[in-house]
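*Asks:* Below are the chains, spelled out letter by letter.
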Amino acid sequence: MPEIRVTPLGAGQDVGRSCILVSIAGKNVMLDCGMHMGFNDDRRFPDFSYITQNGRLTDFLDCVIISHFHLDHCGALPYFSEMVGYDGPIYMTHPTQAICPILLEDYRKIAVDKKGEANFFTSQMIKDCMKKVVAVHLHQTVQVDDELEIKAYYAGHVLGAAMFQIKVGSESVVYTGDYNMTPDRHLGAAWIDKCRPNLLITESTYATTIRDSKRCRERDFLKKVHETVERGGKVLIPVFALGRAQELCILLETFWERMNLKVPIYFSTGLTEKANHYYKLFIPWTNQKIRKTFVQRNMFEFKHIKAFDRAFADNPGPMVVFATPGMLHAGQSLQIFRKWAGNEKNMVIMPGYCVQGTVGHKILSGQRKLEMEGRQLEVKMQVEYMSFSAHADAKGIMQLVGQAEPESVLLVHGEAKKMEFLKQKIEQELRVNCYMPANGETVTLPTSPSIPVGISLGLLKREMAQGLLPEAKKPRLLHGTLIMKDSNFRLVSSEQALKELGLAEHQLRFTCRVHLHDTRKEQETALRVYSHLKSVLKDHCVQHLPDGSVTVESVLLQAAAPSEDPGTKVLLVSWTYQDEELGSFLTSLLKKGLPQAPS
Amino acid sequence: MKLYCLSGHPTLPCNVLKFKSTTIMLDCGLDMTSTLNFLPLPLVQSPRLSNLPGWSLKDGNAFLDKTELIDLSTVDVILISNYHCMMALPYITEHTGFTGTVYATEPTVQIGRLLPSPLKDAVEVSTWRRCYTMQEVNSALSKIQLVGYSQKIELFGAVQVTPLSSGYALGSSNWIIQSHYEKVSYVSGSSLLTTHPQPMDQASLKNSDVLVLTGLTQIPTANPDGMVGEFCSNLALTVRNGGNVLVPCYPSGVIYDLLECLYQYIDSAGLSSVPLYFISPVANSSLEFSQIFAEWLCHNKQSKVYLPEPPFPHAELIQTNKLKHYPSIHGDFSNDFRQPCVVFTGHPSLRFGDVVHFMELWGKSSLNTVIFTEPDFSYLEALAPYQPLAMKCIYCPIDTRLNFIQVSKLLKEVQPLHVVCPEQYTQPPPAQSHRMDLMIDCQPPAMSYRRAEVLALPFKRRYEKIEIMPELADSLVPMEIKPGISLATVSAVLHTKDNKHLLQPPPRPAQPTSGKKRKRVSDDVPDCKVLKPLLSGSIPVEQFVQTLEKHGFSDIKVEDTAKGHIVLLQEAETLIQIEEDSTHIICDNDEMLRVRLRDLVLKFLQKF
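Chains as they are written, first to last, in this note's numbering: chain H, 1 to 599; chain Y, 600 to 1207.
A couple of the hints might just be wrong.
Stated by the list, open to error - What the simulated footprint calls covered on chain H by chain Y, stretch by stretch (three residues with Cβ under 8 Å from a Cβ of chain Y suffice, anywhere in the stretch; the number is not a length):
id : segment
1  : 243 to 254
2  : 407 to 415
3  : 418 to 428
Unchecked claim - Simulated coverage check for chain Y against chain H, where a stretch passes if three residues somewhere in it have a Cβ under 8 Å from a Cβ of chain H:
id : segment
4  : 888 to 897
5  : 986 to 996
6  : 1079 to 1093
Stated by the list, open to error - In the BS3-like style, the derived pairs of lysine-lysine whose C-alpha atoms are separated by at most 27 Å in a straight line are:
id : chain 1 : residue 1 : chain 2 : residue 2
7  : H       : Lys591    : H       : Lys538
8  : H       : Lys303    : Y       : Lys903
9  : H       : Lys461    : Y       : Lys1096
It is worth saying that the hints were derived from the structure and are not from the lab.
Owing to the predicted nature of the structure, the values given are computational and were not obtained by experimental measurement.
By construction, the Cβ of each residue, glycine as well, lies at the ideal position given by its N, Cα and C atoms.
Construct all of the structure, not just a fragment, from the sequences and the given hints.
*Replies:* See the structure below:
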């Protein structure tokens, strides 16, 4: 029995180190290859030894697909391809291919230079790894090999994020990566056609949340920022360099312009300036409005937002600073946080999801006393959480499931408890099986793919023409011969099959002697038989031929007079095997004798 | 399968393909050479131009007067191959009852809408026949569905169409139109040269039954690289002598390559102080759009975007003020204008646009030069109304589309069964009738078409895809007939929906109803539509007799005949004639006996 097998190596009932193994029709595909922000030990990368114990990964995996550039989806890639060893193709979209190596390098620098980790991947490894990448266009069907094909769909979320359809023959799986079902200030909404996959693997970060309107959140955000700077406080917004950062910059930029504010807005690290360049060059990936107006004004050229210098953090007076990374787990955002945390006038706004174990997660869950590098830090600044992360909420997830119409759904990239809720909702409201395997747990789905064969057009047209006849109410049987030669399957009419194979037809014919009591001449007997059959077989072609014989369709009846008994006539009924039903019916009918002739 | 040929212009094709149940229009080019029949539209009334003898303002009917060939409202889809081949789109989508979809790539649409067309841009001029309004243009563009290279698009479940990179312009595509067993390739405006677009995808054209070939180079004798070199040296020569250079061109396409050449050339030629002006209502848009289509560019340009840097160096020319662009000669341009200079402006026909003004302005001085780079118009005809002219005229047509050497290489590579092309390509150009190398040479010879012709494409469909449901597949019993070839007889129910065919297992025979109703005789009449399989094989008499004996028949006699044998069952008064290809059982009306004998005979035969 063919089946689809799915095993999460990461992101199973968890957020972080997304990595999902899929086996479909004999092909093995790895979806994403991320790192976990909550761990600094072995657990930060997926356990690749699960894939194969002794063989090479390249022999086992047909391809690797990366959904977008966030490190929890691609952070383990150089480790996987260069240190564990994988030489097969890695697919991602153009923007992901452009931005991914920069974030990887950034990640490497923090890990090696700042934390002094040994045995980490090197810059060269990132370069070598990226050489294995094959860029894909949206909606392009990429033929990985003769049987396996993949296709990318727009996912919103961040620049270049894509959902992927993985297809072999008539079986398919869709993996959403991270996606957003509502357009935001810089990106459009995810979209997929009714591709009816066997399985939809979807993220479920906001499995239980139904978010209020985006406008309200934006107004709220602007109000909080405005109030804080008005009273002379500093606002820290930890972000990842690409993604929310651009959306919030557009938001603040337009607000500053409208309100004519002069308080400085800074953007940390050179990376972000570079990031804005990517947005300018990949305009076709942004939302409709930006695409339409970019010639007049490129939304990613900011007037009010300037590059941040480390020294600015100690400047007096209000300011707004976007700093990376977004979960306050390392780097500049954490440094600034430590400087500003003690002042209640200041504010930190967390615009996205924070993984367990990060400082961001701790302060969001209400912790106000933190232990950092052996020192106590008391958080007096205001802590605000605003869901700007571009993940679909419960409503959006249900909407996507409705769009794609999968046979089953599998949840990843979320917390177990929340998944449980969504699983029930999906099973009850959409009547679709839903799974939520933990890491290392395998879900097996039996499939029943139909088998494509070639039917000869002659046979098909004959059948379709007859199917159109009015009496064809009950299902008709198509009869043909399937010729299987190597992997070439053709369905042809039996006559053609015989001809192609150079075989002669063997004709099987039956002739039955039916004895009738009739004293009349044989011609008259034949005539009586004719009129009897004509009256019974209304739908059949009954003919009386000039030579005295009678035919019913292709069954031949001839009357003869055996010399010994003038009172008996012998009717010879003759038919071929193909007419057996009719022939057999006629003989049994005639056995009952002829009705009395009207005198 | 038929091809309706609506255009006689080989580089502005318009064909309609009927394939399976679909009607597909391939391109809808607008032949603008007839604009040369008009007088130039000057900025200010020019008594000289309007009093020219022998030049009448003809009423030009620019295209598609052969539409009676086919009812255009029956067209299901229109496939666009590049932005030069969509200028008649509003006519078809807005005036023919067309209700289908148009497919094109995003760059094709974005740049196509920038391109000027005399019928769009000159609507106010009463002497020019108005073809459509801006509203109609927008409405036509709204019917376009954007597609990407190698995207498979299903049409009514019957046909799949796929655009492929053609290497000629940003977003330019060739198209594959295929079903499971037939494949038509439509090659239109392709290039094998490395300029800015993504390289041509040749591999996907392989195994075509028919390859329709249009849009070859219009100047087969000119080498584009040589022309670019000539362009640069003539430009330098003129400017060094204090003259101005006028380049009549389209606002998109080759201009990107020319600017890139100049970017590398002007410094080494010591011309870095000479201003380059690009004047067009869409100059800014064109330059901006060219920078955002990274995914449609050649590898070199793509990798610049990854840095991230703009893919085209004209960004740097603009930044360093070497290249300036203006929507028109009015406004800022008149303040900034410095001579000597280089001006890129349109329209290349010299009949309308700001180029008319520069021709009037610079035509009288032999210091100035006009360099023609666009191959679409005869430069002599374009210049005719401006004669006598003192300015130098240089003809450097740059047409990167396939030449005949490249075509023959391509055809050898992809090996289509049949090639279909405009008749112009099957003979040498009229002006060079001895150049037998300037035509398509392939085996079998290409089928040619001319305007208003209908071609029956030479292939017969034999097979169609059908799916066998797994339950049915499981019930099949394959039998090996010859080594490597197996057969299975199939009896199944055919289901057809949305042009997809499916075979389902036959329904279980209905249980005979033990109804109390009295049955009429005719109820039992068998349905003669139930087909019995065909039989094949032969019956070895000795074994057959042994089998009969094993099943209780005795008193068997075998007689030889000319063609075989007769087996006599004397007790049952039955006679079985056995020959190589036939068996005839003659017996009394004893159904039990007949069925027993039948089953024994069938044991020796194969069913089909």
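*Asks:* Do the alpha carbons of Lys303/H and Lys903/Y lie within 27 Å of each other, as the hint requires?
*Replies:* Given pair Lys303/H, Lys903/Y holds - Cα atoms ~25 Å apart, limit 27 Å.
*Asks:* Holds or violated: Lys591/H with Lys538/H, Cα cutoff 27 Å?
*Replies:* holds (20 Å)
*Asks:* Count residues of the segment 418 to 428 of chain H with a Cβ under 8 Å from any Cβ of chain Y, then say if the count reaches three.
*Replies:* violated (count 0)
*Asks:* At a Cβ distance under 8 Å, does chain H reach at least three residues of the segment 888 to 897 of chain Y?
*Replies:* It holds: at least three residues are needed, and the segment 888 to 897 of chain Y offers 6 whose Cβ sits within less than 8 Å of chain H.
*Asks:* Three residues minimum, CB to CB under 8 Å: does the segment 986 to 996 of chain Y make the cut for coverage by chain H? Let me know.
*Replies:* violated (count 0)
*Asks:* Can the restraint linking Lys461/H and Lys1096/Y be considered satisfied, given a maximum Cα separation of 27 Å?
*Replies:* This hinted pair holds, its Cα atoms lying about 14 Å apart.
*Asks:* Using a Cβ cutoff of 8 Å, are there at least 3 residues of the segment 243 to 254 of chain H near chain Y, or does the coverage claim fail?
*Replies:* violated (count 0)
*Asks:* Taking beta carbons only, do three or more residues of the segment 1079 to 1093 of chain Y come closer than 8 Å to chain H?
*Replies:* As far as the segment 1079 to 1093 of chain Y goes, the hint holds, because 13 residues have Cβ atoms under 8 Å from chain H.
*Asks:* If you count the residues of the segment 407 to 415 of chain H with a beta-carbon closer than 8 Å to a beta-carbon of chain Y, do you get 3 or more?
*Replies:* The restraint on the segment 407 to 415 of chain H is violated, since only 0 of its residues have a Cβ under 8 Å from chain Y and three are required.
In terms of the numbered hints stated before, the structure departs from hints 1, 2, 3, 5, listed from lowest to highest.
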